[in-house]
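Undergrad: Fit chains Y and D to the known structure of chain R by using the hints.
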Amino acid sequence: MKIQVGTAYYPEAWQKERIILDAALMKKAGITCVRLGEFAWSHMEKTDGIFDFQWLHDAVKIFAEYNIKTVMCTPSSAAPAWLCKKYPEVLRTGRTGEKAWFGVRDHTCYTSAIYRKYLVRLVRKMAEEFQNEENIIAWQIDNELGCSRFSECFCEECQNSFRRFLRKKFRSIENLNKCWATTFWSGEYTSWDEVELEGYGENMGAGRTLASAEFRSANGKDFLSIQAKEIRKRIPHAVIGTNNLTRYDRYEGFAGMDFAAEDFYPTAKTPAAEAVFRIDLYRGILPGKSPWMLETPPGPGAPLQDLTKLFFWLFAGHGYDHIFYFLWVNHPAGNEKTHKTVLTQYGQPGVLYERISSMIHEADKLLEGYDTLPQVESSTALVYDYHASWIYTMSFKGEEVAYTWQQRNLHEALFRTGYTPQILSSKHDFSPYKLVTIPLHAHVEKSFAEKLEKYVKEGGVVLMNGRSGMYDGYSKNLTESGPQHLKKLFGMEMHDGLEYASQGYMPDYPPACQHPGEKEKHHIVAEGNLNGKKVYGCADHWVAGIKLTTAEAPVKFRNSIYRGMPFLTVNRFGKGYAVYCAADMVDKELMREIVLYCESLAHLPEKNIPENVDISRRGKLLFVTNFNNKDITFPTEYKGKNKMGKALQKGCFKLKAWETAIIELI
Amino acid sequence: MKIQVGTAYYPEAWQKERIILDAALMKKAGITCVRLGEFAWSHMEKTDGIFDFQWLHDAVKIFAEYNIKTVMCTPSSAAPAWLCKKYPEVLRTGRTGEKAWFGVRDHTCYTSAIYRKYLVRLVRKMAEEFQNEENIIAWQIDNELGCSRFSECFCEECQNSFRRFLRKKFRSIENLNKCWATTFWSGEYTSWDEVELEGYGENMGAGRTLASAEFRSANGKDFLSIQAKEIRKRIPHAVIGTNNLTRYDRYEGFAGMDFAAEDFYPTAKTPAAEAVFRIDLYRGILPGKSPWMLETPPGPGAPLQDLTKLFFWLFAGHGYDHIFYFLWVNHPAGNEKTHKTVLTQYGQPGVLYERISSMIHEADKLLEGYDTLPQVESSTALVYDYHASWIYTMSFKGEEVAYTWQQRNLHEALFRTGYTPQILSSKHDFSPYKLVTIPLHAHVEKSFAEKLEKYVKEGGVVLMNGRSGMYDGYSKNLTESGPQHLKKLFGMEMHDGLEYASQGYMPDYPPACQHPGEKEKHHIVAEGNLNGKKVYGCADHWVAGIKLTTAEAPVKFRNSIYRGMPFLTVNRFGKGYAVYCAADMVDKELMREIVLYCESLAHLPEKNIPENVDISRRGKLLFVTNFNNKDITFPTEYKGKNKMGKALQKGCFKLKAWETAIIELI
Amino acid sequence: MKIQVGTAYYPEAWQKERIILDAALMKKAGITCVRLGEFAWSHMEKTDGIFDFQWLHDAVKIFAEYNIKTVMCTPSSAAPAWLCKKYPEVLRTGRTGEKAWFGVRDHTCYTSAIYRKYLVRLVRKMAEEFQNEENIIAWQIDNELGCSRFSECFCEECQNSFRRFLRKKFRSIENLNKCWATTFWSGEYTSWDEVELEGYGENMGAGRTLASAEFRSANGKDFLSIQAKEIRKRIPHAVIGTNNLTRYDRYEGFAGMDFAAEDFYPTAKTPAAEAVFRIDLYRGILPGKSPWMLETPPGPGAPLQDLTKLFFWLFAGHGYDHIFYFLWVNHPAGNEKTHKTVLTQYGQPGVLYERISSMIHEADKLLEGYDTLPQVESSTALVYDYHASWIYTMSFKGEEVAYTWQQRNLHEALFRTGYTPQILSSKHDFSPYKLVTIPLHAHVEKSFAEKLEKYVKEGGVVLMNGRSGMYDGYSKNLTESGPQHLKKLFGMEMHDGLEYASQGYMPDYPPACQHPGEKEKHHIVAEGNLNGKKVYGCADHWVAGIKLTTAEAPVKFRNSIYRGMPFLTVNRFGKGYAVYCAADMVDKELMREIVLYCESLAHLPEKNIPENVDISRRGKLLFVTNFNNKDITFPTEYKGKNKMGKALQKGCFKLKAWETAIIELI
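Chains as they are written, first to last, in my numbering: chain R, 1454 to 2119; chain Y, 1454 to 2119; chain D, 1454 to 2119.
It cannot be assumed that every hint is accurate.
Since the list gives no way to pick out one identical chain from another, each pair is judged satisfied if it fits inside one copy or across any two copies.
[As the list claims (entries may be wrong)] Here are the simulated DSS-like cross-link-like pairs (lysine-lysine), alpha carbons at most 25 Å apart as the crow flies:
1) Lys2096 - Lys1722
2) Lys1570 - Lys1793
3) Lys1539 - Lys1631
4) Lys2073 - Lys1742
5) Lys1499 - Lys1469
6) Lys1552 - Lys1818
7) Lys1552 - Lys1538
8) Lys1686 - Lys2009
9) Lys2092 - Lys2103
10) Lys1499 - Lys1621
11) Lys1941 - Lys1907
12) Lys1818 - Lys1762
13) Lys1514 - Lys1469
14) Lys1974 - Lys2107
15) Lys1793 - Lys1974
16) Lys1762 - Lys2073
17) Lys1481 - Lys1682
18) Lys2109 - Lys1974
19) Lys1480 - Lys1522
20) Lys2000 - Lys1539
Don't read these hints as lab results, they were simulated from the structure.
A quick note: this is a predicted structure, and the numbers were derived from the prediction, not measured.
If we strip away everything but chain R, and leave its shape as in the complex, we get (with noise of 0.2 Å):
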């Protein structure tokens, strides 16, 4: 077993000797693959029609020589100048009629049929010449697909095609209409072309906005499939993926593939909770399938403290078997000139290669031994449901902050517990976990809420929150009380509610109980008592007034218009527990009581974890990160053999700041 280690190459920029050298010192360094062709349509087509793939193809000679792998990239985000120049329309057009314009990269429309006929012609030369090179691993289609300055477009093709999505959807004119309740501030519409894909953020709410994000993620999808079909159709056992699919239903736009490939910029300063979510998060998009990590700087937190080592085991112990630094070596010009990079800027090997270098060779000593890594087991879940979630995003702006907020708010008190959890969408399989936490899931379908009935009648346990099955499939207002098609599993509803937006969306207080009397004057406060122990909390943004049918509630608002109501509301269920909190945000050490609570619910035992500390295993092996910049100690049951440092010592660990430590479990 070696984790695959890789970086980003642009042999268009270099001379056949620089690519060798280049290729020898990877070597030395036991890097064994390289990304190619990501951003080079200029360089294989040179103009229009006459293409050019020897550099190419000399270029993954070279790196073969070296035993050194290739990912192939397809360049559909960087058009070239002659393309753009021939036909302006193939250029992004904005809110008003401005074009985007040549110059940096993503300033075409994913819509355009010339954009897209170009494309394919060239995707298709790519498969047809590569289609025998054995040295190629897998390919990449586009690069971070959405994530452009000019991320929409309202050309004319983008509104007929976002037209043609909605007449598929809805039919008539009519069914929109009332599907969209459109009687709002005279938005009803009498024909098709009078429809038009609206901006991010500019009517809130409405089911136009939901269905510009629905066909902006469809649509970008689309502009993957035409690209991956070309590629199948030559070389039908290609390995494909993408990378860092931002904006759009990831799970949509994976759906297919064979990888889902993480960016990921970590520095000294990256919270440990946001790392280890970043990473979890793609690991859960093909749930089974080991991800990739396409992007991650060489040198992170240096040249003042350099945590290459810490990132390389935590994503290897989060189940990442490739891991890609970006980049090499800068590109002379451009906007990337100063990246760091595994070599020094004038592309020679300094501290950062000698550093990389002897930790890859460590690793491949260090998992000589095993064939491969079993991927990693956790026993929670948390559920991110794109639709869901947008239905509540979008009704404001600002709720899309909020949003991210409590679904990482989970994600801390689930990783801060111990138990850090897979991250699932609402159609995967929730049988292989104890307890599945739901943040704010605004439609629930009547599918997913027998799903979770089964689910908890057999013994799960579910945390939801929030305004959660509010809203119908178009994002509108439902007029009966929520959660909708969950009030039995629940064992109440919520019969009233109300937004309270505190202090702004990022609730971050001290822990409880100091001062609750102060506390209790500019925020809602909801106490009690769970598992003998006294809890207390600020809850934020929107509370709900909840009736109980079955369910208990032992923790009650102590102030506000719905004091003495139930918060926290818990219903025994088959053989399981649904346990509901009547706030869209609450506060980080109320958040983590709650989830211990539920923990113990699902018969999963308090672990006893310091702050900062991360512990993931993959089969035999247990990984321990210390993101603490401090020695600590702390004892434990693991028993096994230190493989990496000697942390491991009569029932405790003891790390040093920032190191990492492998066991080889007994």
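TA: Below, chains Y and D alone, put in the same frame as chain R:
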């Protein structure tokens, strides 16, 4: 006597059965009015020339059956999709030609002939349809005119309309050049078609800046008037108003209307003085006519602290006889779907409904014995002159903030001393008031100066400040010393003056006299003696060099290049006094002392009211509002009977946190 | 000898009587120059081809009668309405096609052939009209070129002009592709018409970024030159300059001109070092020629603290023989109607007039005995190279701030040690200086390297820092170690290096050595020994890994991945020393120690001057300025006679807060 309580309702979104249910719930709660039709153009005119008012007739009838009156609104701020598609020229045009788009509201041009043609046809239809509908008690034209993200249109029709406005005003281009002193920066025009409207803040201090603002205001007024005219043609007795007229001259906008309506969304954090300013502002627009509160939220401060009742009585106590809650229930979709509502989000009575309901019934009972309540009386006034203030505020962008601050600073000083003023235009009658305060009045018309002279001569006291009377009517600097036309009245002349924005625009100092040495390093400081009391404080933003003629100067500059020169001048003139303050901005504590001094000159006895308490009187009823989040007690000479609460006890007011007391005076 | 005091005046706004009055008041005050015509195109050319200069002749004559000379200005930054209406193509064009509009100034394109045709015709007319006017002492071309909210034009004429500029420079598109390394992000061009100008900060670090800046600068220069040429054709002896050339290469812009003029608006809060930097900057542009202060406000700091006199003598003491106050009296309308003026806003003499008047008379008397004053002498220099700095600053947007900070940090260290430098381009002669400091010089030309070698060999000391010599002339990363061409001179090579922007761009630390442990957690720290003194401080932004060859390293990194490696390198080379500092940014205290050390290497004795005191010398006169808002006393070895004040007493300087002393040295 009953305070008419209303609510905004959108029957176009609901089925008949739901409307009946809502009417019944309203009636039960004591609600007696609804606003209908506000944005419903697409529902009234389904497509070009095809009208449908049956649904609206039905709604009016249903409410009538429950004794609920209708305020009928014209939907001019929400043009339908078919109209925008058919005539894109009706959409607003940005500074450099970009068009607004259909999708929210306020996307059309106030000038467009086509838009006006379609609008007038619709309003005529509405008037015809509802001319015999006795259940309509009032008409609302448009909604919040000028309050839009596309607030300024630059289309050719606007430009041409602006040119006609200018031709009428200036007659020749030579005269315009002269009035505007266009020699600045090659600004001279040779023909009318060279003159263009200016965007807000573009060409500070120019005549064109002022004229653009005046045109926008007049054009907005015209946009309201053409609608009002259509209604009056068919319904001569119609009671017509509009709401929350921002950006334009409110006195111009409401002239000829029957009521002025405010939209005010307070929270628990809204300072008392700010709340009172906002509601006083609309009472003063059409003096003697009760202002309407057309939008205010149910549950301000809720869920933590529900202040519905406090604000209800504050409005009523300050003259509002119609109070409309925004809104009854959320529209299922769109920008306002998470607004606070009387019903819960599910359309059911919840905590807020119950509270509002009992509040209305208590109010109805309390006011049973009164036929009507006279308007609030006030012995002080504050002058708000848009034309004069624009001359100042458009000299530089930030000055708008500065002017508002001054205006609010004067108002707050009067509020804190218990003499909350009537806010008036310079055209209103000043004779009912003993003290008239005039925040920076940049251009003083001769007739206004004469009016002030007469007012003071007959015993009035005037307090004015800053750069008053230093500009002509076209916003030009005068070349004579200020304050123009008023040097005799104030017994001095401002022969010098300099800008000094020391610490931004918002001095909010601690009580005076602390560490005066330190303060004088960074601030211009004035000190003196008023009514035997030492006063000391800071002057800011702009200070004057003054020469006394007949006035005295009880307060002088203590530092700066004007050291030793007059800061506060007082001139006995006839039976009254004219007081001038030689700075644009004065710190709050010093301003309070100056106002107390002016009140003593006006023989207004000193009241001793605690901070953040409002007292207003309508006839025999006294309304006392405690804005403090704590209980308070203070002595009073008022005698009477507690009508609500038990606050008046043995010569003292004892009020709980946020409590309102109502007393029937003996 | 007399310092010529002038003021900006706009006769186009005033009647003849008023002009006469103003001339008389100026004369009385000792003012001897006026700037006329600056923005008066619409008054000179009333409409296409109809010229009127009579009013301007009259004004020149009136002033002449009062012995007041004229600086005649071309009004090229204020095109009249009729021209913009007739030829909309002269208006600037934004990135996506939007046009600027008539209404303020600087709304036209520097490239437009039509605009240039009209402009040249006008300037020719002006030259013809005034060629025999002896009262004109100088000509000012344009005003503050490039300083506009529409600063970048993207019209087709600009694009084509840029392409011609590129063709001339690169000859073939292949060569351009190679020089720019356009392989990055598919940036390769196939024909000239694909290449477009870039907006500021758009494509960071690309050759096109640099070329766009160079084109803008050259184009601006050309815009000045075509005007200067017209004037010189008719008036060969004309004295020609321009003022406050922002955004462009000042050395290029002023080349061939007769004087360089600064516009500087200090306040009482302007730090002493900043003020001195600003005025030194313009003195260095045309070495040996007295710079002009064409705009500075009367009463900086007033009304609280009037510092007119302090700045007047600071300018004079630093070489300025012409000082113009902006402005005499406000134009009645427009953007500058509230500017500070010599007269009051009412056009009358006020406090400032009296103070300026007496100041001028005092100055005239003081300088009576001197024929002329020689220029300021300086023994140190600071190199400002626009081309080299652009390569750095355009690598990333924020770097512009970083570069300015470094430049200012070096200047401030020299100022604080009493060796205020001459600011020079890399082309100027360095031989008069003992120490040359060179803030980050991204691209080092071979000829510049040779010049430095020669300079050091002959005894000079050079101090350089950061990413110097790491880029080629097209902004590309070099593939050899830095500093290119200078490794021998500095006796080391920078073989490694990494960005590290720890705390934003502006380290402003407290004096070193406090809590060093804490500091090292967050900062890269260097320590060592200079001249027997322990030094310690922070390095930031970018740090280098250096290998010594012949140099020594008295200061080394104390932490980071470069721990123990050289931070400050010193190389004896010929008779001099070459010192290098391995960071882009260094904290202020450490930089002061480094500069003190370099001064000692250059045999410049240590001066002990208090903080915020400036000392400059012109011939026999010594100017001492106390920028502190408190009295100070310090010992001195200067001997001489107090010409202004009584500061020099028994080997000590005793200065009051904000006092300036002038000493005639013995």
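Undergrad: Each hint needs a verdict: does it hold in this structure or not?
TA: Evaluation of the provided hints:
1. Taking the closest pair of Cα atoms, Lys2096 and Lys1722 never come within 25 Å of each other, the shortest separation being 28 Å inside a single copy and 59 Å across copies.
2. Taking identical chains as interchangeable, the C-alpha atoms of Lys1570 and Lys1793 are never at most 25 Å apart, the minima being 36 Å within one chain and 50 Å between chains.
3. For a Cα distance limit of 25 Å, the shortest separation of Lys1539 from Lys1631 across copies, 23 Å, qualifies, whereas the shortest one inside one copy, 43 Å, does not.
4. Taking the closest pair of Cα atoms, Lys2073 and Lys1742 come within 25 Å of each other only inside a single copy of the chain (19 Å); across copies the shortest separation is 80 Å, beyond that limit.
5. Within a single copy, Lys1499 and Lys1469 get their C-alpha atoms as close as 19 Å, which meets the 25 Å cut-off; across copies the closest is 67 Å, which misses it.
6. Within a single copy, Lys1552 and Lys1818 get their C-alpha atoms no closer than 54 Å, and across copies no closer than 65 Å, so neither meets the 25 Å cut-off.
7. Taking CA atoms no more than 25 Å apart as the test, Lys1552 paired with Lys1538 passes in both settings, with 12 Å inside one copy and 22 Å between copies.
8. Taking the closest pair of Cα atoms, Lys1686 and Lys2009 never come within 25 Å of each other, the shortest separation being 60 Å inside a single copy and 60 Å across copies.
9. Taking the closest pair of Cα atoms, Lys2092 and Lys2103 come within 25 Å of each other only inside a single copy of the chain (9 Å); across copies the shortest separation is 79 Å, beyond that limit.
10. For the identical chains of this complex, Lys1499 and Lys1621 are inter-copy neighbours only, at 24 Å across copies versus 39 Å inside a copy, given an alpha-carbon limit of 25 Å.
11. For a Cα distance limit of 25 Å, the shortest separation of Lys1941 from Lys1907 inside one copy, 12 Å, qualifies, whereas the shortest one across copies, 77 Å, does not.
12. For a Cα distance limit of 25 Å, the shortest separation of Lys1818 from Lys1762 inside one copy, 15 Å, qualifies, whereas the shortest one across copies, 74 Å, does not.
13. For the identical chains of this complex, Lys1514 and Lys1469 are intra-copy neighbours only, at 11 Å inside a copy versus 75 Å across copies, given an alpha-carbon limit of 25 Å.
14. For the homomeric pair Lys1974 and Lys2107, the shortest alpha-carbon distance between copies (21 Å) is at most 25 Å, but the shortest distance inside one copy (44 Å) is not.
15. Taking CA atoms no more than 25 Å apart as the test, Lys1793 paired with Lys1974 passes between copies only; the shortest distance there is 21 Å, against 49 Å inside one copy.
16. Within a single copy, Lys1762 and Lys2073 get their C-alpha atoms as close as 21 Å, which meets the 25 Å cut-off; across copies the closest is 66 Å, which misses it.
17. Neither within a single protomer nor between protomers do Lys1481 and Lys1682 lie at most 25 Å apart by alpha-carbon distance, with minima of 37 Å and 64 Å respectively.
18. Only between protomers do Lys2109 and Lys1974 lie at most 25 Å apart by alpha-carbon distance; the minimum there is 15 Å, versus 43 Å within a single protomer.
19. Proximity of Lys1480 to Lys1522 under the C-alpha cut-off of 25 Å is restricted to the intra-copy arrangement: shortest distance 11 Å within a copy versus 77 Å between copies.
20. Taking CA atoms no more than 25 Å apart as the test, Lys2000 paired with Lys1539 passes in neither setting, with 65 Å inside one copy and 51 Å between copies.
Checked against the numbered hints above, the structure breaks hints 1, 2, 6, 8, 17 and 20 and satisfies the rest.
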